Amino acid sequence: MKKRWLALYVENRPGVLARIAGLFSGKSYNFSSLTVGETEDPTVSRMTLCVAGDDPTFEQIKKQLNHCVEVIKVTDFTNTALHMKEIMYLKVKGCSLKEKNDLFNIAQVFGVKVVDYGKNSLLMECFQTEERNNSLIALVRESYKQVSIVRGGSVAVESISVQDR
Amino acid sequence: MKMKGTEAFVQVLKNEGVDLMFGYPGGYAVDIFNELYDQDDIEVVLPRHEQGAVHAADGYARSTGRVGVCLVTSGPGATNLVTGIATANYDSVPMVCFTGQVPRSLIGNDAFQEADIVGVVRNICKFTIMVRQRKDLVRIMREAFYIARSGKPGPVVVDLPSDMMKEEFDDQFGLPISIRGYKPNTKVHVGQIKRSMEMLKEAKRPLFLVGGGVRLAEAGRVMTDLMEVSGVPAVTTLMGRGTIPTDHPLYFGNAGMHGYYAANVAIKECDLLFSIGTRFSDRITGKIEEFAKNAKIIHVDIESSSISRNIHVDVPIVADAYAAITEMLKRVEHCEVEDWIDRIRGWQAEHPMVQQQPPHTDKLSPETIMREIGRRYTDGIVVTDVGQHQMWSAQYIDLNGNTQFITSGGLGTMGFGFPAAIGAKMGNPDKRVVSISGDGGFQMNLQELATAMAYELPVTVCILNNGFLGMVRQMQELFYDKRYASTCLGWKKSCERNCSDPGKKCPPYTPDFVKLAESYGAVGIRVFDQEQMEAAFDRAAENQNGPTIIEFILDPDELVLPMIKNGATVDQMIVTAPVYTD
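The listed protein sequences derive, respectively, from chains A and B.
Its first residue numbered 196, the first sequence is counted upward by one per residue in this note's numbering.
Its first residue numbered 30, the second sequence is counted upward by one per residue in this note's numbering.
Errors might be hidden in some of the hints.
What the hints assert, rightly or not - Here are the simulated DSS-like pairs of lysine-lysine, each with C-alpha atoms no more than 25 Å apart in a straight line:
hint, chain 1, residue 1, chain 2, residue 2
1, B, Lys544, B, Lys521
2, A, Lys258, B, Lys325
3, A, Lys198, A, Lys222
4, B, Lys511, A, Lys257
5, A, Lys222, B, Lys181
6, B, Lys181, A, Lys258
7, A, Lys268, B, Lys181
8, B, Lys544, A, Lys222
9, A, Lys280, A, Lys293
10, B, Lys522, B, Lys511
11, A, Lys222, B, Lys511
12, A, Lys340, A, Lys314
13, B, Lys164, B, Lys195
14, A, Lys257, B, Lys216
15, B, Lys195, A, Lys258
16, A, Lys288, A, Lys198
17, A, Lys197, A, Lys222
18, A, Lys258, B, Lys216
19, B, Lys212, A, Lys257
20, B, Lys223, B, Lys233
21, B, Lys164, B, Lys233
22, B, Lys212, A, Lys268
23, B, Lys216, A, Lys268
By construction, these hints were calculated from the structure, which means they are not laboratory data.
Note that the coordinates shown come from a computational prediction; the quantities given were computed from them, not determined experimentally.
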């Protein structure tokens, strides 16, 4: 099952998110990530969504989305250079001073910020690719028990001159 | 000029050419009905159930090609439309349903008769929206009609909060319609057409598969021309039945689960399947891996999402069927495929579409009834319900000339036929309309007899009564060891709990359809044999004041054959009825 990314321009009005979500559930498609926000035109929202599926399913999803009156444009990111980032908060509780210092090192290496701090806990604000966030989670979970994670889902934009992700 | 929402509503209907609609009032739609009360040029038909309204609007739309319109109240009024909306959606019927809604200030409060109808129907219609602001009312209504009738047609549901309809606004009625997310395809890719014509010419065993899209595009005539010019034979789907005259020498019947033997074998053996306006439903394909295994497939459909969804397609052509066929006719050449046609004729001779000797020869056979209907209702409208009678109708009724065949093919909605026939008759007062149902399906919307009486609609209502939900019973007989679970409609408390052998000891059937008809003031006739049948049809033709119910008493052992079991292949087709030795 390949992961593929799509961007949708949709009408910014009540029920449109439900329409898209309903299409996925009604046809048994899966998305692993979906973000939505207003664009420069307040009547238009842009969704970034990640779909896991085989090629025919992916083609069918694109067609079905295009078929929705509420969907203005579907962009397939499969062969597109992108800037794509995900925001994630990672909170670790119940750690000693040494463990907190270790977490500072991890944050430095990963290039994420420690934005809050307490006697036994620490909060990282991570703004990086989904894959890097996955790696960070895996690393922290190896050594810490009380980890809570809040992920925002990826947003993506087509690059101007950069050729890779 | 400022006008109320209800006034603007009526104005849009008039501008869209609506002169007939189906409406059932209620608390949050009463203002609109009040406005319609004064409109002499819009007839509002009152059914006896909202489901009757929506199926009637569907039958009206299918038979006239115009947009069917219905108007109901909020909550239960709206939710009663659901099955009808899904039915129309599946078969691409242009329809606009208006639903009353509670005032905006009450939405979300669990107000009396509140239902989130937009949320309910979102996935079963072409488009749905609530009009939240009075200034958008006229634009949204006009877009609703445009969306319903353009591209691949379908039902649109517009939800109208009652307080919004009371507000005044200075509307503009003539603005151009532009929906940025909806641009139906109107062009034909000529390159693909050329390629398809080359493939047709090269093919040794080409076959057209003609679906409902050809009917929707009103392309039956050009399709027949294409067959004649190319000399290539054709089969149809259930929804395509009637687009080609059924007595045409190049036509070999319906394909699919209960299709003709020759048609199904031809699909198996062809080397080019040229399909137009069909979505390769599972009823057509059976086991998908084995379907048209030896063939390249060309697929013409108005919706790109229908192509390569169920089956791999070699040449996709996204186009309206009429536009595509017209382009083909400019380029098509005659194909030398006489040998191939002879082979299909051979299969046809092997298993012709005639019923075998019925189990009890003193009783009417379905084939006899259907052939009689075909003879009598030429240039009329045949509307079926769903079940065995539907398949027999599709197998045995000859559709030549202008006879229309209306059936719930996609969703397979029992209870559709009779109200749809009412809608068809209202839209075509000069045509003869015959409704064919089973005893099960008819009972799902029999309340519409009152509507047919009220409007004095001379519809012939054939009920094929075998006392069973016959299609399911047939499956139980063939594949479930004759365990007739919940399919006997004659069962009463005095019967054994699990009766597998209905016979002479059965209690009388309920209801008595003849008395039922009479209680509505309609004519009811019960028919056991051929002589009675002819007299009954004569009587129905004479009765111009209301519906005539003809109840045909059938043997429950009658099967729809041939049959390809769900998910099976052509080679596993059941052609002859099993002989039971026990």
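These are the hints, each one checked on the structure:
| no. | hint | result |
| --- | --- | --- |
| 1 | Lys544/B / Lys521/B | holds, 20 Å |
| 2 | Lys258/A / Lys325/B | holds, 23 Å |
| 3 | Lys198/A / Lys222/A | holds, 18 Å |
| 4 | Lys511/B / Lys257/A | violated, 46 Å |
| 5 | Lys222/A / Lys181/B | holds, 19 Å |
| 6 | Lys181/B / Lys258/A | holds, 14 Å |
| 7 | Lys268/A / Lys181/B | holds, 19 Å |
| 8 | Lys544/B / Lys222/A | violated, 46 Å |
| 9 | Lys280/A / Lys293/A | violated, 30 Å |
| 10 | Lys522/B / Lys511/B | holds, 21 Å |
| 11 | Lys222/A / Lys511/B | violated, 35 Å |
| 12 | Lys340/A / Lys314/A | holds, 17 Å |
| 13 | Lys164/B / Lys195/B | holds, 12 Å |
| 14 | Lys257/A / Lys216/B | holds, 20 Å |
| 15 | Lys195/B / Lys258/A | violated, 40 Å |
| 16 | Lys288/A / Lys198/A | violated, 32 Å |
| 17 | Lys197/A / Lys222/A | holds, 18 Å |
| 18 | Lys258/A / Lys216/B | holds, 18 Å |
| 19 | Lys212/B / Lys257/A | holds, 16 Å |
| 20 | Lys223/B / Lys233/B | holds, 18 Å |
| 21 | Lys164/B / Lys233/B | violated, 61 Å |
| 22 | Lys212/B / Lys268/A | holds, 11 Å |
| 23 | Lys216/B / Lys268/A | holds, 19 Å |
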